[in-house]
Structures are given as C-alpha cells and as structure tokens.
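Number of protein chains: 2
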Amino acid sequence: MAASTSSIRSSLLSCPKLSDPRLSGSVSGHRAVLSIRRRRLDLPFLASPSISLRSVPNRSRISASAVPVMEGTPQKTDSRVSTIVEVDLGNRSYPIYIGSGLLDEPDLLQRHVHGKRVLVVTNTTIAPLYLDKVIKALTHGNSNISVESVILPDGEAYKDMETLMKVFDKAIESRMDRRCTFVALGGGVIGDMCGFAAAAFLRGVNFIQIPTTLMAQVDSSVGGKTGINHPLGKNLIGAFYQPQSVLIDTDTLNTLPDRELASGIAEVVKYGLIRDADFFEWQEKNMQALIGRDPSALAYAIKRSCENKAEVVALDEKESGLRATLNLGHTFGHAIETGFGYGQWLHGEAVAAGMVMAVDMSRRLGWIDDSIVERALNILQQAKLPTSPPEIMTVEKFKTAMAVDKKVADGLLRLILLKGPLGNCVFTGDYDRKALDDTLHAFCKS
Amino acid sequence: MAASTSSIRSSLLSCPKLSDPRLSGSVSGHRAVLSIRRRRLDLPFLASPSISLRSVPNRSRISASAVPVMEGTPQKTDSRVSTIVEVDLGNRSYPIYIGSGLLDEPDLLQRHVHGKRVLVVTNTTIAPLYLDKVIKALTHGNSNISVESVILPDGEAYKDMETLMKVFDKAIESRMDRRCTFVALGGGVIGDMCGFAAAAFLRGVNFIQIPTTLMAQVDSSVGGKTGINHPLGKNLIGAFYQPQSVLIDTDTLNTLPDRELASGIAEVVKYGLIRDADFFEWQEKNMQALIGRDPSALAYAIKRSCENKAEVVALDEKESGLRATLNLGHTFGHAIETGFGYGQWLHGEAVAAGMVMAVDMSRRLGWIDDSIVERALNILQQAKLPTSPPEIMTVEKFKTAMAVDKKVADGLLRLILLKGPLGNCVFTGDYDRKALDDTLHAFCKS
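If you read the protein sequences in the order shown, they are chains A and B.
Sequential numbering of the first sequence, starting at 1, is according to the working numbering.
Sequential numbering of the second sequence, starting at 1, is according to the working numbering.
So that you can see chain A by itself, here it is in the shape it has in the complex (with noise of 0.2 Å):
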C-alpha cells in the first residue's frame, strides 16, 4: 500500500461527495488553466513568461495511496497518507502528510527529526489532547531520543514577545543544542510562535508543524511565514522560515470547535476565490458536508487548499508579488484583530468579513460583476462566517490599524482585490482612494 504518484486521480475520485469537474481532466490541462490565469495577474516579475513556466513542470509532487483512509493495522510506509504534497524550495523542499490517525505513524514523525533531542511547543487546550500522542510517536522505538515540551496559555492575545520568551526559556534550560527539533503542536498560533522561536533559537533549528486546527492546516502551518504580534499590529516581527515536514492528521478536527472550523474555512473560501475557481464552485456544492465535517469533503479542502498554497510559496517564497494575493481580506481583517483586541475574534473570522469589505471595493471599482460578490457573501454566510466587521471598527481604527501593514510600501498601501472572471485577483496600491474610502463608510457606522 505504499504511496503511489499514477494513483492520484483514483484515489481522489473514490471520494464519494466530490463533484469537481476539474478531477476527470488530466494534470497538465489543470496546469495550463493555473498558468493561464497568473498571466492575468497584475505583477510585474510575471511579465517575464519564462519564470512562471520553468517553475509549472516540478512545482507540485503530488503522490498518494489507492485509498484516503486505511483501517486496521498500521503499515509500516505510508499506510494511512492519503495525500503527499511537496512544497518545491530546492534545497528547503519539504512535505505535507495529509491523513486520518497519521500520528500514529511513528515513522512520518521521526523520519524528520535530526539530532536527539526535540522540544514540543504546545498550548493548555491541545496538551491534554495529543501531546502524549506525540512524544509517544516521537519515541517509540527510538530510546535514543529525548523530548522536553513547553505549554503555552492558548490565544491569539498570547502570540508576543513575552510568551515567546518562554519557548526560549525551556530551550536554554532543557539544553536544546543547535541539531535538536522544534515540533509545533497546536493550531496557527503555537505554529507561527514555534516556527519563529525556531527560526530564532541559535540563529535557526529544525522544525516540524503539526496543525491541529483547520485554518493551520489549509494555510498557516505551509510556506513558513512565523512571527509574533506588536501591540500596534500583526506578525510585525518575524521570519520566512520553512518546517522540515507538515503532518496534518484529519483526526485532530474531530475536537475543534465549530467556530474554530468555520474560521479554517475562510482561507479556504480564500484559495477559490483569488485563484481557483474550479475549487469554489466545489465549495458551493460542498459547503454543508464541510461544515459538517465530512471526514472525506475536509480531506479534499485540506489537499487542494495546501496544493494551492503550496504552488504559490514556490513561486514566490519571500512574499515579492505573488504571494501577497494569500492576503485577500488580510488587510481588513488584521485590522479587525488590532482594532478590536487580539483574541476577540479568531483570524479567519476577521478574514471572512475582510474578504466581503475587499470583495465590496473590488466591485465599487468595476473589477467584478456583482455576480461574484453575492456569491461570496453567499458562501461565508453558508460557513456561518460574519460578513461584516464589528460594530466596534470605526473608519478611523480601520485607517489607523493599515498604516502600519506589512504590505505598505514607501507610503502606498497595497491591497488585493479581485479583477476579472471569479478566480483572478490583483495584488496593486494602484486604485482610487475613493473606493476605498467608500467601502469602510459603507460598513463602519462612524
């Protein structure tokens, strides 16, 4: 039963809720609508044909066992994978495990720990749940190796300097030399703060990611984008930093909460909406499976969502143009976490209502039909997602909280916003400010 790259198609077809019709075309043709589509992006390296073709051939190594979920005993390569997706950086390549009960493979874990000694970095919420999970899949069968961990309080408003302080703390005092590995256990903050300690410690260790909640698993834990908030803003103090591995075991989303699944599934609605629109109208058709947990229709998103993503770090590891459009109602809603308190609503929350504000503007400058914004108004109302941000956000904290994104360049605030057929954004600080203006009066009372 080892992992096989001819049965990719097979193995995704035998999904039972999946109506995507892009499944029964063939690799290249999905290949040559992606690149069809980045041609039409407004980025100024993609004038250059030559980068985004060289890249297509090798970008995403996608391999994959005849059937998504083994039962019975475990087999020892492999067995309970159901989908391998590599994230092409040269040297730094690494993979994303995609399975149900995959923490129980004590091989995918070890495979990528060097050195002896690891430290597992993971909140109050997630300990209880599988951190004896881990360090048994960490040492079993393997006597030689150590594990320390470190429990941070869970939440957003903990993703500082002072909390990062303490994963430093119990590397120092656990003796963590520069070949130990750091394992991130926990959702996209414990992934964000561990990468970045990583990145830090002795001026970079190994790191593995083990996103335990959905938004982790469809975007945070891929592409190695780690840091911690500034009381003024988000990530504003960071790394690019890329895991050794992912490992996303299905099952962990069997004890997150609603809330925390409908906000994973703002980046998904994300992916379809800025580049895929194959991938959205699935999202139209599935949205009630996913929301209620369809092991199989999760799966799916997790797969072509991380695909997505995968394609776009390899393109663009540093965030020079392309990668900026993963940001599709980042802006606002970064702005919704300061304005409103770190922790009051979760990312994808604020993501969701974002989106709609950049999907709002995108329509006030006549780059869409609104066709496509009652469609996605549609879609996160269906994922039970606000729309709109909270009465709290003025037009001032908004204005306030952006000048200080990360997206600002010499002044000029860059936002992307959709252009064109559903699927096409652009990543541009060339639009009429008076949109802008428009779309935060619309939805701010003051």
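Keep in mind that the hints are not guaranteed to be accurate.
For chains that are exact copies, the list does not tell them apart, and a pair is met inside one copy or across any two.
[Claimed, not checked] Below 30 Å or equal to it, Euclidean Cα-Cα: the simulated BS3-like pairs (lysine-lysine) are:
id, residue 1, residue 2
1, Lys136, Lys170
2, Lys434, Lys445
3, Lys166, Lys318
4, Lys133, Lys166
5, Lys419, Lys434
6, Lys116, Lys434
7, Lys170, Lys399
8, Lys170, Lys133
9, Lys170, Lys397
10, Lys166, Lys445
11, Lys136, Lys166
12, Lys397, Lys133
13, Lys116, Lys399
14, Lys397, Lys116
15, Lys419, Lys445
Keep in mind that the hints were calculated from the coordinates and are not lab data.
Let chain A serve as the given structure and place chain B on it in line with the hints.
Here is chain B on its own, set in the frame of chain A:
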C-alpha cells in the same frame, strides 16, 4: 581616481609600515597557499575537494584605488575608498568599503538604500559623535528620503530582548515599511541588534552596517551573524541575515578608547592563528603600529581581516563547519562573558583570554608546538590584552556556561583548537576530555 582591480597591490605596497612577505607574491600563489591550508582542516565537507576548488576563483574580488587615502575635494565615485572587499554569497553578495573619510561620501551610503525610509540604530556614545554626519550623508542631495533614529543605551549588558523591542517600537511608530532600510551605526552590539531587528521586522528589511569599533570592523559587521543575548548565554537568539553593504570609515577609530581598540585586535590575532600565518607574522612585526593607531597599519589589518572573514563566510555562510573556526577562543570567552556578567570585560578581552586557553589545550593534546603557545601569548600581551580569565571564573562556571554554547551538538561540545603548523586549526568534538579539564584547572583557582 576610480577603483581599479589591477592596482590593488600597488595600493597596498604604498603603505610604508607593511612588511608582509606575501605581498610580493601573486594573488594566485596566495590562493594556492590558502587551499593547501584548508585541506588540513579536520572538517567533513572538505573531504570533497570540489567544494573548495570551485569556490576559490570567485571567492574574494578586491578592488582598490592607487592611493589609500585621498586628500582634498571629495570625488564623485569611490574617491576615498581605499579597498572594496566583496563578500561572495550569490544573490546576497555585498561590498565592504574600507577607507578614511567614507562618511563624507553620501553616494556610498545612498546607493544601498532601497525605499524612502531609513531607521538609524545607534547608541548614546556614538550618536553625539557620528549620527548627524550619517543623517547628512543619507539625505545629502536626496530630499526624497526620511530618516529616523533610535538611540539605545551603550554596552553588551543591553544586548537583550527588552532593548531590541525599543527598535521595533520605534520602527512601527515611525511607520517603517517593507522597503525601508535599517542602518547600524556603532560597534558589535549595535550591529548585532540592528541586524536582528532588520531580520525580524516585517520578516526582513534591508540593512547597512556602519561599524565604528575595530571589533565590528574586523569581525562582527561582516558575515551576517546577528542576535541578542539571553541571561543564560551569549547570542543564543538571532538570525543569519546579510547586510546590503558594510561601510568602514577608518576615521571613526580616532574616537575609540584604547581598551576598545585592543579588544578588536584580539580578533585580528585570531585570523592569524586559525588560517593566515603570514598575517600573524605581519602582526608580530606591526603590533606597535597597530596599538599606536598608525592609520595605514590599521587599514591594512582591517582589510586583511575582512578578506579572511569574507572567504570563510562565502564558503560556509550558515556555519555548518568551516565558519565555526572563526570562533577560536570564543567558547571559553563566552563563558567568561556570561559567568562574569555581560559588559564587565569587552568581548575581545574575553576572547583573548579564551584563545590562550584554547591554545593551551591544543598544546596539552600534543597538537601544536610550544613555540606557537609562546608567540600567541606574546602577541596578545603586546596588544595589552588579558591572557587569563578573571579570578571570579571557576571550573564549574566555565562548564555551566559552555554546556549551552551553540557549538554543542547532540550533547557534545565541539571546540576550535589549533593543530599543526601556525595558521592551522580544527573544529572538533573528538578530543581527550582530560585536556579540557586540565586547561580549566590550570586557569581557574577553584
């Protein structure tokens, strides 16, 4: 008077105090010596000769004007630059400009400023001396640029997270964005902190090093090691992050206290001991000129040190092996700095005592002749540097601090030790523990 590659040797030979026998040899002869020497290093990746041989031709491009120091009206292009040493790191390569009066050359700074916003990071000692000059150089004929500055307290004791946060605070308050440039104006502490701040701010912005101490000019400003201390150990939190350029105005040494000057000389001596016997011999003949602040002798020592550092960094940026050899004496030295309290001794003072200890241990292992021990001791005494640790250091204190050294791997402390003729060293964990114990007991009262 533009820089010219062909004139390098005449420029150097015009310096009256220099009595380096190697200066009359050819550059290719010099490189042949270096590669023979490298092959003696006990480093696993050097078993593959292709790595060192392939890297040699492009390793260090050096250009220079015919006269080291120009008088009179500043010229438009590099007029006072006596040497440019190139750090060859592919698309992250950068120049080190070395010369007198370079802060009066706006173009040298401005050509490496990207974006319109600059944050100068400096300290309370350096700000009154050079901040205005640097701001003038940044803004001269360039009204488009806005410059902010943050002035930190001076000293290694402030190389901590709390002080680093002041840089982030200032950067965010003054709306620095992704296209801004940080400028480190000061010694090693400022360079390390500003560099790490630049690495982490918005996940990485441009930065320029303007080192004002000999220590920073010959060592810490070159090669991209940045970071801060943790109460339990030096430089435990940081990043490898390369600057856009390094601007060494040798005139800044005029305001440097004698003790700081000597501290920098410790690193100059280090290059001789680990990889450049000819440079060591030159130093033996020119140490009085160096501590007497002869400008030509200092300029030559800086240039030669930067060349050595640039070569090593180009071969091993992330310190997988070779680069660690630049830390001769630093494991003992860091233990002194940590055990004695940061800021009691200057870094180079601790390194000097640490080098004597490393040399002593190398002799106990039978790896070097007694004559090298004597010559090392003698040259450091001539430079008025300490040659033994402070009395407060016990064997226990050394062992505690050395256990968290970054060069520990899987629990094994690796050290840089001399082995063979002068100018040869090894980086190894394969040594008799008794020799380390004997050295510690020989240098500590308890």
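Against the structure, the hints:
no.	hint	in the structure
1	Lys136 <-> Lys170	within (20 Å within a copy, 45 Å between copies)
2	Lys434 <-> Lys445	within (17 Å within a copy, 75 Å between copies)
3	Lys166 <-> Lys318	both (28 Å within a copy, 26 Å between copies)
4	Lys133 <-> Lys166	within (23 Å within a copy, 41 Å between copies)
5	Lys419 <-> Lys434	within (17 Å within a copy, 71 Å between copies)
6	Lys116 <-> Lys434	between (58 Å within a copy, 25 Å between copies)
7	Lys170 <-> Lys399	between (39 Å within a copy, 19 Å between copies)
8	Lys170 <-> Lys133	within (21 Å within a copy, 44 Å between copies)
9	Lys170 <-> Lys397	between (37 Å within a copy, 20 Å between copies)
10	Lys166 <-> Lys445	neither (41 Å within a copy, 35 Å between copies)
11	Lys136 <-> Lys166	within (24 Å within a copy, 42 Å between copies)
12	Lys397 <-> Lys133	neither (44 Å within a copy, 38 Å between copies)
13	Lys116 <-> Lys399	between (49 Å within a copy, 21 Å between copies)
14	Lys397 <-> Lys116	between (48 Å within a copy, 25 Å between copies)
15	Lys419 <-> Lys445	within (27 Å within a copy, 75 Å between copies)
In summary, the structure is inconsistent with hints 10, 12 from the numbered list given earlier, while agreeing with the others.
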